[in-house]
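Novice: Protein chains in written order, with the working numbering: chain A, 1 to 276; chain B, 1 to 574; chain C, 1 to 390; chain D, 1 to 281; chain E, 1 to 206.
If you're looking for bench data, these hints aren't it; they were derived computationally from the structure. Predicted model only: the values in this text are computed from it and were never measured.
Simulated coverage check for chain B against chain D, where a stretch passes if three residues somewhere in it have a Cβ under 8 angstroms from a Cβ of chain D:
#1 289 to 299
#2 366 to 377
#3 380 to 386
#4 554 to 566
Heads up, the beta-carbon is just placed ideally off N, CA and C, and yes, glycines get one too.
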Amino acid sequence: MNRSLIGLGALLALTACGGGDSAPKPQKSTTGSTSSSTAETTTTAKSTDTGGAAKASGSQDWNDSMGTATVSGAIKFEGVAPENKAITMSDVDPKCPGGAEETILVSNGGLANVVISVNKGLDGYKFAKGTGAVNLDQKGCQYIPHVLAMQAGQTVSITNSDDTVHNVHSYSKRNQAFNQAQPAGAGAIEKKMSQKDKSFPIKCDMHAWMNCQVVVFDHPFFTVSDENGNFTLPKLPAGTYKLVAEHESLGKQEAEVTVADGGTETVTFSYGQSAP
Amino acid sequence: MSGQHIHAEPTNFFRKHVFSVDHKVIAKQFLWFGLIWLGIGGVMAMMIRWQLANPGEPVPVIGSMLFPRTNGVLDPATYNTLFTMHGTIMIFLGLTPLMIGAIGNWSIPLMIGARDMIFPLLNCLSFWAMFLGGAVGFISLFVPLGATEAGWTGYPTLSTTINGVGSGETLWAIAVFLIGASSIMGGINYMTTVIRLRAPGMTWQRLPLTVWGIFLTSVLNVLFVPVIGSAMLLLIMDRVFGTTFFIPASIMQGAGGGDPILYQHLFWIFGHPEVYILILPAWGIIGDLLSFFSRKPAFGYRAQVGAMVAVTLLSAVVYGHHMFTTGLSAMLGESFMLLTMIISVPAEILFFNWLHTLWKGNLRLTTPMLFSMGVIFVFGLGGLTGIYLATIGTDIFLHDTYFVVGHFHLTMAASALFATFAGIYFWFPKMFAREMNEFLGKTHFWFTVIPLVTVFCLMFVMGYAGMPRRYYDHTSAEYLRSLQHLNKYATHAAFLLGAAQLVFVYNFIRSRWWGKPASQNPWEVGTLDWTMETPVPHYNFKEIPEVFTGPHEFSNPDIPDGKDWISMTEKLKA
Amino acid sequence: MRSPFTQLVCLATVAIGTLSSFKALNFFGSDPRADEDHSQMIAEELPHARPPRGVPLTITEGTWLRAPGEEWIIQQNELARKQGLEPRFTEDPSAADGEGAWIDSTGFIQKRYDEEEDFWAYWQWVGPAQLTRGRRDFVQFCSSCHGLDGDGYGRSGQWLRPSPRDFRQTNFKFTKVLANLPTDDALKRLIKRGLDGTPMLPWDLSDEQITDIVQYIKSLSPEGMGWRDPFTGIGSIVEAGENPWAGRENFAIKHGEKVYHGVAQCMLCHPGYVNPRDLPGLLDQPEDTVYRENLYLPVLKDSEYEVLGEKVKILPPDFTFHTIRSGQTPQDLYETIASGIKGTAMPAWKGSLSEEDLWALAYYVQDLVEEYKDKPAERRGLMERLREGL
Amino acid sequence: MNRINSLLAGVLSSRWMKALAVVGMAGVAEAQGGNRWAPFPPASDFGHRFSELFWLITILCSISMVIVVLLLLIPLLRDRARPGHKANYDHGSSLHDKRLTAVISLATFIVLDAWVLAIAMKDLREAYWNMPEVDQAETYPIEVLGQQWAWHFRGPGLDGEFGTPDDILEMNQLTIPKGRPVSFQMTSKDVIHSLFLPEMRTKKDVNPGSINKTWFKPIEAGEFTILCAELCGYAHYQMFGNLTVMEQEDFDEWEESASLLGIAAYDPEDEEAQWAWEWEE
Amino acid sequence: MNVSSAATSTLSKEEVRTRVDVTLGMIFFIGSWTMAFGTLFLSFLVLRQRVGVWPPEGIVLPSFPLATVATLILVASSLGLHRAVRAWDAKGGGGEREQASSAQRDWAVGVGLGFAFAVLQALLWADLLAAGRFPSSGLYESLFYGLTWVHAAHVVIGLLALLWAWIGLSSGRYGPNRLSTVSNIVIFWHFVDVVWIVLYLGFFVF
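So here's chain A without its partners, still in its complex pose (with noise of 0.2 angstroms):
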């Protein structure tokens, strides 16, 4: 009412409520954060599309020829492991075959599906975007792998091998999430993973036991533990690097690590019922 008749109540200068808002003037473009970018990086970046980062400048451009350490290591589970729970999954799709959780893997005392990457220490570098496309599948109702790792800017290429529908449920967060259906037969649902996220659930809806991890880092410098708890990270260039481990149920580890061009550090994490 107050604002339908604002006419009338225009000529009785009665009106309480706001003016007109008429378009403000185009402003100058700042986040309002931190102060405003250089003109360099503004035409740099309006060159590339959406996705183009450019990192400060004085960065080098990277690639693998620079890098010749190693860091290799175990990732170690100490007491006995809890007993993966048997999943039934007839009586919601008769069609799945049943099987175990796969949120702790322990073989050999290792611990399988922990993520390495290298956290700190790559400031000098600037990396081009992933490329290529990772596989994730799923089969027997269970995503294969159940904890993936990616470089921004790949391609995580989703496919059903199961007689049965899928939905791909992603949490993204800085990557555009989706919920996606996936019938038997259906062809592969490929996503573009352009930036950089934190660990996020892949689930299905239908199947509410699958899930799987995925992380997207802006760096090659990362890997997944295999089912017996080793890693392997080759290629890194020399210098003194954060390393971080990170399993989706027991949470994070760090170690500090320095390498030397051509060398080869080992590192190892140990993971326990009551680690952090």
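Using the hints, position chains B, C, D and E against chain A.
Specialist: Frame of chain A; chains B, C, D and E shown alone:
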């Protein structure tokens, strides 16, 4: 005699025309004020009818000016505001000032032979309190978050902050409070004046029925308007200060919180007497006018007064019939049904006496007479349909349908409005010393009464067919779609009704300034107001007259000079 | 000083003085029955009793909100051109100190660089006057369910399932877009259409009012979420292409039944509508195929939506019983199926099924609704057929 | 009085009366054409009583109104002022006139009011206020929760108890069995609503903060209307629903599957969604 | 009361008539206001009856001793004013009214106690507010604050009127006619007193 002194006439413009304490000036102020609000309320009614007949179509002519944001379409919120304000305006700002403010102020001192009201300053205050109330009500239309949308009854919790936090509803409550204060001031003044300032010989049994009606209305005003005042205070506190008189604490358990039903009780303790507040002066006026223009004494004067007194006494104890569906207990429901039926007895007595007054009279069919007879007709229709609503069995179905709308428009609105018109046509020559045009007056009557009865009788049909009131759009629910044609007919009739009022406006304005100068007693009646010269001098009576005969001594064989009327100050032969 | 009255007066005066000084010394203290938390508790029980003074109605600062990209702008202009209207946006390269912006009647859209996130995105400027108008309309029309702060917990919104949207969660179920967030037009359409079978009605508000409300709702996104998240995708309503079954609706229904129970396996969550004895035949599956238990009941599913901090679960509808929320025409159903329902288990099917299958599903679901919903005798017949032989 | 009543009942049920009713309900026939002038016929037991009462009042009122109009018209035509015509000088204060006033008023009261009152009381006591006991097996209880702007209905489900997982929750749709008394308890979340079932000829306010009760017994199966009859804000006009009255066997089937769907939808962690209250006797 | 005492005093016929006029108006006013406060009490009773335990348990109640003292003070104030007016009525008449010193003292004390009551009322609120009880805290608070607010508004109006009357009295402006005004204001003050007593009984005694 105190209050009967003659002070010098004020010469200052403000003292004379604005803050005057002269009852005649105040009566005219009330008259203009009431007429303007009646016009505003009427335009709102036209917009409501337009929306009902053509849901969602832009209101022609004034729509785009009033509602530019929607290109002239009434949105549901605006529609709710319109019917809320239509009710509030018509009752509190239209009929109350016209009937009680204007006619009451004009006729009481003149008819009882007083020089002014007993408390002239209070009288002036009464008008300005109402003016302020009107202004606040008007401002409430333009505040942010919308004007009031809770209906003129303003039931909580719809009228509390649960529904809206805007200030429109608060301002509405303040406006009703102020208007109530004005009514109380007027009521106290009228009552005291009638009791204390009657001229010598003006016994209670010689009091014109008009004065009786307004006197009894004042009693009701003084007794029951404070109730709505308090209810509005509580509502304002709920809205502004966060109290919880009417807001239940939790949804299912009543304990600990307020009670929305309490408000309904308070409202209708006032609300039902309010109906009689508006109708009692109307009864009084037509009781007089029917006698005046039938040239015949008011039949059963004492019975009429008795009936009005009985209605006054009963008015507060029948209010429960407004609440049959709110969950009254069986005992209360039956009691209120019985009491409501009983209150029809005085109405039947009045009808009998009015009709008997006409019987074997010498009817002068002037405009005021036509309107008085119109009151009998529309009040008959409205009153009889009251039986449906007093009976719980039928009321359960008809409650809050258009049947109710038709009913109360015929009883409270149309009857009171007709009596007001009758009063205006009747007293106009004395008020403005000019005559109103009779032909235009009669045109006005016939073009008012026919569409009016059509509109509200169609509403009876709609209500009987199950159409709930206060719906923005009756085509939204499948059940009501097949009734839409009735809405169209009603709207056509309503527009005709609205157009007919333009005749009145033209007649009123033309006669006010350019009309034929009126003689001292054009209607040939004997009450005190018509015995003084026209225009009425300052302080009315130089000498307080002494009264010897009753107000309705028409066609008395004992009247000297072969006239059929006698002034109250004259004596009958022998 | 001798009269008893005067003495009484003196006494009273002394008493006042004493009491006042006691008062000043806090002699009375507070009532031992007082329970500190109790007043708090009652205040919490009565959220509605908040005095209206506490409700801010004016927004003084404008805000940047995410906008769909250039493609969409060009598309809008195309649309306007097709309807013979002026283009909605005009590009002004000299605007914003030479940075350029797309300008329309209510504001402008600009491509802006977010230094912290190192990201380019399209942003729209919404002015304080528009937000204030939207805020007021929101409070007047929406707040009874969606809450005065847009938290989805107004007085009428309590206990309501499905619960009214909490706009701070920026999760909209029936916008029918493939991206995470809808465009303004998609939201406006939703508000105008309402959601069937819920108190979210078709709102008879003017276009302008709805525009303002939509801008306000968008501005409720918390920092880094929804329309304040540079990475969110904003998309238009999914486009239904040519209807491949036009004129062959009966075949569509037949085919839809197959898709529903077969390749799409809708019955994993929704109920199945074919007797399991007949299913293998229908789907060309081996006779001994087993189907899930309680095939005729939908399965309660998790959702991303939170009420009072708890995730709520949602029951996929039984089409013969529940009301479809967002339209029952094949077109509506196509859009819903193709785009999925955000924040719930219902995925987007566009791209995963062929257009033919999608339309067939839409026709099948529409047929289920038409045949059985609110038709007690027919539905009873269906249930008897389903139970036969079990 | 009884004789008059039975006479009236005879008149009301006579063919003559039915013809009048048909005229009155011409709308029903005309409804196919889209327009009607009357409500749809009553579908509950006391609906019929109230319909009859309605027509009784209509007849009485029509007669009264005709008399009033005649008494207005006759003087209007006969007693107009004209030269030589004189009014009858009569104050009506003689004993005869007083008696006449009293007799006519009382007679009108008896014919118009007391008669209606007697029948209304009888109807109310026998039907409307004769609330069925809920522990009678055949009474079907419903809990109603009104809100801006929707109706929530909760049926007890198969176990007959409220507040259990198998409760049947419906929104803007109410399903009840035919031929059994249906007992309602209702309250509102926010503002006052009024449950208006035009075909059932019943209406009851739904008040926040207290529980209101009503009942009726549907005697016809079919689809009927639910409206809100108390102004409840902006979208008052859109607060309508659908009432389905089912034959008992259809209803049994419906109740079972609705109950099962209720269980399927039951989320024990979402306590807030379980808004049932203890059924009050 | 004033009417009867006036009638037996030395007031002239016209003065008596004036006194009757205005007192009658005042009686109607008081009757009207009784309905207004009656409505508030009715609400009080209805709402109170909805709560099982009254006063509700576990909340801070307004201070009982403070309220009792306030009641006594208001009654005393009323008595003082009544005595003053009666004395003037008895002695007044014509223009020769002498302002007896005791009457003047009674008047001063009455008005002073009226102000003291206002102060105590403010203390009552302050006490409750300090304990964290606001009008929105619950039904008891709603009723207490709401009803005392309305009453306090009348106290303020009454005090202003008394002050105004005092100015008139001390300037000697009031002849016997205008003394009716003073007596009317005192009647109003008695009414305020009675309303408070009912409030006191409702909130603190029963």
